[in-house]
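2 protein chains.
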Amino acid sequence: QQRVCPLPPAPGATILTLSLCLCLCRAEDSAMENIVTEKKAEESHRQDSADLLVFILLLTLTILTIWLFKHRRCRFLHETGLAMIYGLLVGVVLRYAIHVPSDMNNVTLSCNVNASPATLLVNVSGKFYEYTLKGEISGSEINDIQDNEMLRKVTFDPEVFFNILLPPIIFHAGYSLKRRHFFRNLGSILAYAFVGTVVSCFIIGLFMYGCVLLMKQIGHLGGDFFFTDCLFFGAIVSATDPVTVLAIFNELQVDADLYALLFGESVLNDAVALVLSSSIVAYQPEGDNTHTFEAMAMLKSFGIFLGVFSGSFALGGATGVVTALISFNFTKLRELPLLETALFFLMSWSTFLLAEACGFTGVVAVLFCGMTQAHYTFNNLSPESQDRTKQLFELLNFLAENFIFSYMGLTLFTFHNHVFNPIFIVGAFLAVFLGRAANIYPLSFLLNLSRRNKITSNFQHMMMFAGLRGAMTFALSIRDTATYARQMMFSTTLLVVFFTVWICGGGTTQMLSCQKIRVGVDTDLENFVSIGPDGVERSSTKQESAWLFRIWYNFDHNYLKPILTHSGPPLTATLPACCGPLARCLTSPQAYENEGQLKDSDSDLILNDGDISLTYGDITVSTDATGAHTSGTPVGGVAVNSDEALDRELAFSDHELVIRGTRLVLPMDDSEHPLPLDSRLVS
Amino acid sequence: QQRVCPLPPAPGATILTLSLCLCLCRAEDSAMENIVTEKKAEESHRQDSADLLVFILLLTLTILTIWLFKHRRCRFLHETGLAMIYGLLVGVVLRYAIHVPSDMNNVTLSCNVNASPATLLVNVSGKFYEYTLKGEISGSEINDIQDNEMLRKVTFDPEVFFNILLPPIIFHAGYSLKRRHFFRNLGSILAYAFVGTVVSCFIIGLFMYGCVLLMKQIGHLGGDFFFTDCLFFGAIVSATDPVTVLAIFNELQVDADLYALLFGESVLNDAVALVLSSSIVAYQPEGDNTHTFEAMAMLKSFGIFLGVFSGSFALGGATGVVTALISFNFTKLRELPLLETALFFLMSWSTFLLAEACGFTGVVAVLFCGMTQAHYTFNNLSPESQDRTKQLFELLNFLAENFIFSYMGLTLFTFHNHVFNPIFIVGAFLAVFLGRAANIYPLSFLLNLSRRNKITSNFQHMMMFAGLRGAMTFALSIRDTATYARQMMFSTTLLVVFFTVWICGGGTTQMLSCQKIRVGVDTDLENFVSIGPDGVERSSTKQESAWLFRIWYNFDHNYLKPILTHSGPPLTATLPACCGPLARCLTSPQAYENEGQLKDSDSDLILNDGDISLTYGDITVSTDATGAHTSGTPVGGVAVNSDEALDRELAFSDHELVIRGTRLVLPMDDSEHPLPLDSRLVS
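Top line first, the protein sequences correspond to chains A and B.
Reading the first sequence from the start, the letters are residues 1 to 683 in full-length UniProt numbering.
Reading the second sequence from the start, the letters are residues 1 to 683 in full-length UniProt numbering.
Just so you know, not all the hints are guaranteed correct.
Because identical chains share one entry, a pair is satisfied inside a single copy or across any pair of copies.
What the hints assert, rightly or not - Only pairs whose alpha carbons sit at most 25 Å apart, straight line, appear in this in silico SDA-like list of lysine to any residue: (1) Lys-516 <-> Asn-554; (2) Lys-454 <-> Ala-191; (3) Lys-516 <-> Leu-446; (4) Lys-300 <-> Phe-226; (5) Lys-454 <-> Val-93; (6) Lys-454 <-> Met-511; (7) Lys-70 <-> Leu-325; (8) Lys-70 <-> Ile-326; (9) Lys-70 <-> Asn-329; (10) Lys-516 <-> Trp-502; (11) Lys-216 <-> Trp-67; (12) Lys-300 <-> Glu-43; (13) Lys-70 <-> Phe-330; (14) Lys-454 <-> Asn-250; (15) Lys-70 <-> Tyr-484; (16) Lys-454 <-> Gly-219; (17) Lys-70 <-> Glu-335; (18) Lys-454 <-> Ile-517; (19) Lys-454 <-> Gln-515.
If you are wondering where the hints come from, they were derived from the structure by calculation, not from laboratory data.
With these hints in hand, go ahead and build the complete structure from the sequences.
Encoded structure:
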């Protein structure tokens with residue numbers, strides 16, 4: 001049936017124009033031509049709208065129920081868990097209750113070609129139609145496609161998750177990071193995120209490889225499952241997402257250090273797991289399909305990991321810095337919050353696109369961009385824009401997150417190639433548990449050797465318990481479900497996510513009380529009380545988390561802050577004398593004004609803590625950063641929520657830097673609330 | 001070359017599985033198989049990211065330049081005009097300066113099939129790839145596709161405009177409508193929008209048909225161009241978009257009635273033109289391609305127009321009302337502005353999807369949804385959510401609008417099937433001018449017969465001049481560029497948009513001063529001065545714009561407002577006694593509280609105008625609506641901008657209704673600012 005046609009000379013000699021001569025089947029021309037009308041496209045558009053509408057209504061329902069839950073103060077089920085349940089219900093309905101009779105629209109042509117170009121032109125009785133490549137389909141799916149058009153309709157392209165839904169979630173995580181406590185625990189967080197995730201990935205991978213070998217022995221394995229697949233599984237289930245737990249932490253005001261450890265770890269975690277998984281996919285020994293170990297390939301993978309991670313990190317940081325510079329130089333932009341917000345949004349988005357276009361990982365770049373924006377650009381924004389950007393990304397994060405979780409529930413029933421293997425599933429749950437344990441306990445032990453402010457064992461248990469799997473794990477596992485191994489991973493991952501979100505997420509309050517972790521802690525007061533009273537304790541605390549932080553802080557405060565924001569000391573004061581002209585040209589007039597203030601505050605500063613706090617308290621009232629805070633306070637007298645706490649954090653911590661000037665290098669341990677302090681001393 | 005293959009029996013007898021047996025060309029298997037790797041998809045994704053990045057950077061550049069313009073108070077070029085210029089520049093660069101060598105990735109297969117199903121399966125040496133239908137391509141484009149892969153890359157699917165970019169723009173227009181002045185001029189606005197647009201459409205259509213006949217005579221026409229095409233052209237260029245003009249009006253504080261007329265007309269205009277154009281497309285006489293006139297087909301088109309318009313209207317209104325009811329009943333939702341905002345956003349989006357899924361026009365539905373949301377839901381939202389929703393849609397509107405305009409500039413060079421016909425272009429400019437004149441002048445004359453507050457001739461000239469064409473016209477014309485006629489329309493439309501935005505938009509200030517239209521008018525004061533002092537003038541003003549408005553206002557105020565919002569009198573007071581139980585069950589406790597207040601204010605109300613204003617002024621301080629306003633004030637003491645004006649408008653006009661109670665039915669002519677009034681009387 002194959003015949004080679006003469007090929008017209010390709011224009012430019014590079015374009016391959018394959019003119020396929022087809023044998024045609026079914027000569028029912030008139031019937032076919034009716035199908036080919038615009039009606040079909042319209043019909044398909046209507047169907048798409050209806051499908052999307054289902055999701056929107058699902059989210060609406062979730063919101064209304066969440067409201068009910070918050071109203072009743074139910075903490076056993078988080079909104080994401082709820083979204084999953086609704087998704088599950090809709091999935092059941094779609095799968096079992098609705099039978100859409102397949103009609104003429106579901107025509108599928110099967111061409112036997114030996115290439116799959118990105119664009120395909122189909123000549124239908126003289127008219128040309130353009131087709132675009134959607135992706136490969138496994139042989140077993142072909143019948144499904146025809147049978148389950150409706151279920152396939154509610155299936156999104158997995159890349160939607162990576163390119164549309166994940167970026168706002170990750171950016172929000174970076175943008176809302178409580179930087180003060182994050183930097184205090186920087187060393188530990190980096191250890192958990194990098195070393196811990198890699199350890200967890202390998203432990204899970206090895207354990208699963210054992211399971212797979214067992215399954216092969218007893219003949220429970222229906223397809224190939226290589227060691228790299230196991231490692232890949234290890235990487236994707238190592239990305240923790242304690243959004244549920246942190247929501248409760250926030251509400252109950254759990255210890256800020258525990259919060260920072262968990263949040264910081266999970267944020268960086270996602271980035272590490274993402275890059276790790278793509279490095280594992282890139283691991284391919286020379287001999288190709290042999291799937292044996294090879295040092296060169298391993299090194300290559302490691303190189304890719306480092307390259308992609310540092311590239312994304314640099315890119316994200318760079319765009320953040322560029323945005324900060326723009327907002328720094330275009331100060332009059334502050335009068336037009338709409339333009340400012342739009343600029344902020346566009347620059348943050350362009351980070352993602354730039355990273356993707358360069359071949360780095362957009363999601364990772366966006367994370368670091370978010371952190372840079374929060375650290376520098378945020379200070380240059382007008383108070384109104386500060387509110388606007390926070391609210392915008394909060395909303396996007398909320399919508400994207402709930403969408404992912406409800407979609408997750410949906411896919412349990414609508415995805416058609418589930419491979420539920422009991423041994424693999426049991427093995428996976430054990431492996432996830434072991435991997436988390438191998439991450440937390442040994443690392444905590446090692447970290448405690450150098451930490452003064454120990455990570456106590458109940459904190460360790462809590463961190464162990466809070467290792468939920470969420471959006472990133474799901475997105476990674478749904479990205480490729482072509483092979484048997486990947487399908488089994490996907491099904492298992494879904495169960496892991498369900499279990500951890502419902503059980504671990506739901507049991508957080510119980511776990512907190514069981515571990516006797518104090519709740520209702522006022523972060524700032526706590527801070528003061530534990531460290532303030534005696535100077536010895538203070539200086540030793542400095543030593544503790546300091547060396548990594550101190551280097552960074554000095555550099556950041558003396559050079560980056562003055563260049564990128566209007567706060568901080570003027571560069572002329574921090575740069576060596578030889579750089580004078582450069583410094584003068586980079587320093588904004590505002591910085592000199594700051595300096596005058598600083599000098600005064602600094603002299604006060606030497607006297608005693610109480611005075612500093614008061615001076616500090618006075619100054620805060622008169623500045624922008626605090627202005628933002630004042631105007632951002634909810635009008636109705638609503639209780640202090642996480643957002644506001646962040647707000648205050650940002651306002652104050654930023655401010656602290658302004659006041660402390662060039663002389664103080666260790667800002668992490670003093671009180672932020674002067675008045676509570678005074679009243680304490682008096683009483 | 002065509003051979004009919006035996007067809008396997010279709011499963012379920014409805015699915016047509018066409019198994020195509022293909023003759024294969026080019027047996028370079030290994031080379032081809034490399035193409036088929038995931039690399040290609042990745043490459044394509046990177047390219048897409050880079051393309052989108054170009055647009056994002058374009059928008060960023062636009063924002064920075066706008067800032068410069070605003071800073072220097074340049075009014076001769078609006079941001080949209082600027083976006084177009086940047087788009088043009090990038091278009092030139094893409095077209096002439098960059099030559100991307102086409103590579104192996106650009107392979108195009110041409111299958112000769114007799115059907116174009118939505119999904120196509122291609123079998124590449126055992127692997128199946130899925131393709132989806134993108135659309136039809138005219139024969140002339142086929143070579144272009146291979147030559148201009150790069151230019152095609154920066155071309156968006158026209159449906160993107162209708163489904164992603166237009167909805168936020170139109171919703172924002174509805175949501176930010178100055179309702180008070182809009183309702184005052186409701187009759188005139190409806191006349192301009194409905195009668196005027198239809199008149200303009202037919203005038204332009206007839207004139208262009210003359211041009212086309214002329215071109216046919218002298219042989220300047222390269223393809224078919226039917227009367228329906230001319231009418232279609234008339235419909236798409238009848239959609240006015242005076243965003244540029246209104247921005248300047250806002251800045252200069254031009255007369256509120258002129259603003260309301262122009263804004264109201266252009267908002268409804270878009271909806272009318274959209275539905276009109278789709279009705280014209282649906283016009284098909286029985287004899288099919290004869291393109292003769294047929295009464296039945298005409299009636300059908302008219303029916304479609306009415307059906308689609310009223311359906312979309314009803315749907316938009318309905319979802320708005322549902323949202324209002326939800327926010328009315330879930331009052332505790334106010335404590336969680338994030339949930340409230342998300343709910344608002346999702347409900348508004350679902351309006352669009354619902355309308356599209358039902359076969360109505362989503363954009364029109366969204367417009368009316370926006371208006372309903374502003375009228376009812378807005379009052380139920382917490383002050384913070386009021387700010388958030390306004391800011392969110394303001395941002396989306398800004399981004400979408402500038403994106404469309406920069407894309408417009410881009411397409412002038414990157415679109416590959418431009419048909420610039422000098423006669424058609426000159427004819428079109430004349431026709432657009434004539435059509436606008438035939439809309440404004442005769443209608444204004446007729447309206448002035450019944451209006452007390454005449455539309456003066458300089459207002460008429462201004463309205464004539466302000467008939468810019470913008471986003472909707474562009475989106476309509478790019479939606480279908482398959483035929484010769486449509487291509488010529490698209491090219492001409494682009495020029496019309498460029499001309500009107502740059503010349504008419506840029507000349508607005510000149511035109512205003514030339515027409516001696518007063519600027520810097522304080523809307524509210526103006527209002528009072530012109531009507532306040534003598535009762536006679538007042539009552540006559542009532543007569544003027546009243547009858548349509550009065551009916552609506554009574555119904556709205558007595559029944560809708562109490563059911564849908566917490567303001568307005570309790571239903572028990574407005575419904576007849578027989579409906580007592582129903583009324584009691586629908587009235588919220590807050591309404592009764594309102595009533596108590598109302599009674600008091602009402603008794604004051606009878607005395608004199610000054611007193612009302614003062615009482616009114618006192619009350620405003622203590623209510624939510626004004627609370628929103630207070631908290632929404634920009635912190636930096638920025639000058640009153642349009643947003644704030646709207647804010648105040650909403651806050652006050654809403655409030656007015658609360659105070660006026662059940663007895664006053666004509667709220668449109670009294671002062672809103674008590675203090676300026678007093679100081680006036682004293683001085």
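Each hint tested on the structure:
In this assembly of identical chains, the alpha carbons of Lys-516 and Asn-554 never lie at most 25 Å apart, being 37 Å within a copy and 62 Å across copies at closest. Proximity of Lys-454 to Ala-191 under the C-alpha cut-off of 25 Å is restricted to the intra-copy arrangement: shortest distance 15 Å within a copy versus 76 Å between copies. Taking CA atoms no more than 25 Å apart as the test, Lys-516 paired with Leu-446 passes inside one copy only; the shortest distance there is 23 Å, against 80 Å between copies. Proximity of Lys-300 and Phe-226 under a CA criterion of 25 Å is satisfied intra-copy only: 19 Å inside one chain copy versus 64 Å between copies.
Taking CA atoms no more than 25 Å apart as the test, Lys-454 paired with Val-93 passes in neither setting, with 51 Å inside one copy and 60 Å between copies. For the identical chains of this complex, Lys-454 and Met-511 are intra-copy neighbours only, at 20 Å inside a copy versus 74 Å across copies, given an alpha-carbon limit of 25 Å. Proximity of Lys-70 and Leu-325 under a CA criterion of 25 Å is satisfied inter-copy only: 20 Å between copies versus 41 Å inside one chain copy. Taking the closest pair of Cα atoms, Lys-70 and Ile-326 come within 25 Å of each other only across two copies (17 Å); inside a single copy the shortest separation is 41 Å, beyond that limit.
Taking the shortest alpha-carbon separations for Lys-70 and Asn-329, only the inter-copy value of 16 Å comes in at or below 25 Å, while the best intra-copy value is 43 Å. In the homo-oligomer, the alpha carbons of Lys-516 and Trp-502 lie at most 25 Å apart inside one protomer (22 Å), although the nearest pairing across protomers, at 69 Å, exceeds that limit. Taking the closest pair of Cα atoms, Lys-216 and Trp-67 never come within 25 Å of each other, the shortest separation being 49 Å inside a single copy and 66 Å across copies. Taking the closest pair of Cα atoms, Lys-300 and Glu-43 come within 25 Å of each other only across two copies (21 Å); inside a single copy the shortest separation is 49 Å, beyond that limit.
Within a single copy, Lys-70 and Phe-330 get their C-alpha atoms only as close as 42 Å, which misses the 25 Å cut-off; across copies the closest is 12 Å, which meets it. For a Cα distance limit of 25 Å, the shortest separation of Lys-454 from Asn-250 inside one copy, 22 Å, qualifies, whereas the shortest one across copies, 61 Å, does not. In this assembly of identical chains, the alpha carbons of Lys-70 and Tyr-484 never lie at most 25 Å apart, being 42 Å within a copy and 59 Å across copies at closest. In this homomeric assembly, Lys-454 and Gly-219 never come within 25 Å of each other (Cα to Cα): the closest approach is 48 Å inside a single copy and 90 Å across copies.
In this assembly of identical chains, the alpha carbons of Lys-70 and Glu-335 lie at most 25 Å apart only when taken from different copies (10 Å versus 37 Å within one copy). Taking the closest pair of Cα atoms, Lys-454 and Ile-517 come within 25 Å of each other only inside a single copy of the chain (14 Å); across copies the shortest separation is 74 Å, beyond that limit. For the homomeric pair Lys-454 and Gln-515, the shortest alpha-carbon distance inside one copy (16 Å) is at most 25 Å, but the shortest distance between copies (77 Å) is not.
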